[in-house]
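Colleague: Go ahead and model the full structure; you've got the sequences and the hints to work with.
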Amino acid sequence: MKCFHPRGARRIAAAAATAAMLFGVAAAQPTPGAAAGWSLADAAAPYKGTTINVVILDRPSYVAEKALIPQFEKTTGITVKTTTYPYESALKAETLNFVSNSNQYDGILADLIWTGTFANSKWVVPLSTFTSNPKLADPALDLKDFFPVWLDAFKWDNVQYGLPFDSYSGLLYYNKCLLKKAGFSSPPTTWAELRDKYGPKLTNKSAGTYAYALQSLRGETQTADSFSRFLWDFGGSWYDPKTYAPQLASPGAVKGMEFRASLAPIMPPGIVSDDHAQVVQLMAQGKVAMITEWSSFYTTLNDPATSKVRDCLAVAKEPAGPAAADPAFGGFAYMVSSQSPQAKQDATYLFIQWLASKAVAPQLINKGAVVARKGADTDPALMKKYPYLAPMVAQWAHSNYDWRPRIPQYPQMSEVVANYGSQIQQGSLGIKPGLDKINDEIKGILTSGGYIK
Amino acid sequence: MLAEQQRAQPALSLPVSKRERRQRLTPWLFLFPGIGVLLAVGIYPVIYALWASVHKVDLVNLAAGTPFDGAQNYFSAFLNSLFTGAVARSLLFLAISLPLELALGMLIALYLHGTVLPRVRSVVRVVLVIPMAMTPVVVGLIGSLVFNNQFGLVNYLIGFGHMQSVDWLGNSQLAYLTTLALQVWQWTPFVTLILVASLATVPPEIEEALRLETKSWLKRLRYVQLPFLLPGITAALIFQTAYIVKLFDMVYTLTGGGPGVSTELVSIYIERNAFRAFDIGTAAAQSVILLVITIVLSNLYIRFFYVEAEA
Amino acid sequence: MKARTLAPILTVVVGALLVVVALGPVYWMMAASLKTDNQIFAIPPVWLFHPTFEHYRHVLADLGMASALAHSAFVGIATTALAIVLGVPAGYAIARFRFRGRRDVWFWFISNYMMIPVILVIPYFLIARNLHLINSPLMLILAYQTFAVPLVVWLTADQFGAIPKALDEAAKIDGAGELGIFFRIMVPLAVPGIAVAAILSLIFSWNELLYAMILTPSDETRTAPVTALSFLGGYSIPWGDLMAAGSLIVLPVIVFAVLVSRYLVRGLTLGAVK
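Protein chains in written order, with our numbering: chain D, 1178 to 1630; chain Z, 147 to 457; chain Y, 19 to 292.
Treat the hints as calculated values from the structure; they're not laboratory data.
Which bits of chain Y does chain D cover? Going by a derived footprint, with three or more residues having C-beta under 8 Å, they are: (1) 150 to 158; (2) 230 to 244.
A few chain Y residues that don't get close to chain Z, going by computed Cβ distances all over 10 Å: (3) F67; (4) T70; (5) F71; (6) A84; (7) A88; (8) A180; (9) P210; (10) I212.
Idealized CB from N, CA, C, for every residue including glycine.
Modeller: This is the structure we're talking about:
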């Protein structure tokens, strides 16, 4: 029959595809449709009673994750234990765990900048191991629904290692009430505007209020949030993507750091010792009019329990620099530890796949997490409810996943930048001499890593 | 001594040579367990560190192997301004805290050595033991509580009831001073108690004689007590030097080395280099350099002990 | 006349000042551990308040402090027991025998005490990794011997040295062997010194952070100081919980320290002052 009516057959196939899509979406429910004969409960049946251990951070997305875990446990009979680390010790904890073969964690939380480190040491399992196994792979996973930049961020040598979770873009959070009082109806769109136009009018030192705060604590915060933010927008970069020659003392980098230094008069003192928590707190207490922070902090700033400025909170794209508008790019993925026994690896994959699924994404967003799913992030109802989504999605369209290098040497490079970067910011080291030092040391690291011949 | 003991004993049935050999062996049998374990846990790691210091050991890139690296790690340690800066910061820390501890310790020791109301003094003496026994991690926690910028007790007290906004832990110089202050708070009692013990070694008749001769306690201190105090002062000096080179826990808790690098002492820096940048080779080389410094210091310490042991 | 009335007053005033400075911060921590978070942040500070034990309940029951304290106690006791077994015979040999290299051995023991932990911790980590001893208290107990054994050797050598020579000579005449003399005569007489050494070794291993942080990092094997530090680094600092944890850690130390206050200095300097 089909052979004789090709057009009708196509229609039937299309209908079937639609049905499958609908069922795929319906997989939100614990009993998903059997469109492709796959259900989470069936897939998990062999792993019932397994306990897996997953690393989480003390940030809003993980509060949402923890709230949804019982759902997964109920469907699968797999127990998910979580171990919380502060961000600054997570890499150390996971690395020591891997290096010592102590096998404490099955679900590895990887910042995108750790992708090279983890993949290169073969500490994590390529995702294809699981996606090629029809018993484990959810046909509704739909990788195309992830923002491409986010899949690329967790690829190493063209192999996919993780599914994105807790995905950020750097955003400008501003207090529209304070801006209005100072006569501004919209936020700054360039760094120069922020400093020259908005800065003076929004800073009142005697009242202890400031226009802007930049989290700069030595550590990844200094490297990413403070240093890199002013590197790219002013024409600098980490290194030449072809020759790996570092560009950290280039004229653009110098301009960026000069600009960063010139922000001091409109920022609260002691910024060099402030991490995300302190800066978000300053904003939440109404002491600072603008911050540039990760999208995940919308939840904290929008929570009446932690924020006094909820009604004044507004979000926009990060200001642009004279050379580029290259917003901060950062976030995490879950990966499967290669040191875990096979059964735990499989169970962990099921958990990761479920957590990153299309169906769970809206639930996560509603509980305060940030996800990299196109469908959920561009859902009109959610976009209306969560104003951070629009600028975040817009920025991801042109974000650079190598905004910070993802090579295995990154932890060392980040330490170098954090060290000298905070000294430059404190003024104990000049900008050019400081950047020269950074450039020299990064060059040494890249040379001994075999990137520079 | 040995010979005397032997002579004192009546001849036993054992032939002399055998007995002598056994006699010579006996102390080593007692010493063996302790020496064996300390060798294993003390010397072996040092050899391991020496090995790592001349190899490239990148903990997050062990797949690349650990090739021999010659003196490269040592060169980069000496050329690294973060390391030399941390060493300098530790030495400055020592140069400021030690005289302070000695001066304050001396004053308190003289107070404790006095004769009026001995009971009050002995209570104070016991109380002074508490800071120095405190877990350094907890000292750091207390520091971050009382020196807190927004609600710290210190800011309240210096404002005489009006909250002052001094950012003790956010400003480079102030954070360094705060760290120093906690160090002095914890260890002045130690210097004090050493000096009190030293003062007690002054023969009472000499002290009494001088008390009749001059009323000035400064003169008494200088001409009579000081010679008796010198060994204690030297001990305090050497002990604190080693302690400050080791100083990690309290600073790690209080500031983590920050803001920036302003309180990054040498132990903090090496730990960071080893377990954040995972550059084990360079960290080992830096450790070895530190070890050389420690050996020099220990020798001073030990040479001093020689004098004491003979006395 | 005037001086005679002034002296006691001055003594009391200076004494009170010293006590306040020495204990004030400790008191402030303990007070904070009994306050609600709002009372901790209050300006002006709250001096009188209804104590709440909520922070203690929370850190002990929910944040793993109870098991962490148990780990610390276990590691401390095991470290001390091993150090006594290893150190007391060594201290005895050094004090009671005259042999070639005696003084060198003694100095060598003491010099171990000067070793800087950060030098040893990297090799310890790599060794523990090769032996699969990460997160095992055994590695920690061995690492702690670097300071515990020297402490025991010095303090017990001192104690054994003070026992009159005539005693063991008499025992020898009675036909006692070396081991018999050691166990039946010498050790019982040295018990006070051994006890002090044991308490000091307990305090030192209880207080240690660096080795514990690197060698026993997992949630299940953390010691108390490492656990207290793990409360830091979230989005807000749980001051009340931190102070409760801090108080729990230092309370036993304070009790022990006061008990051996007379010997503490000696333990710390390894007897620079006799």
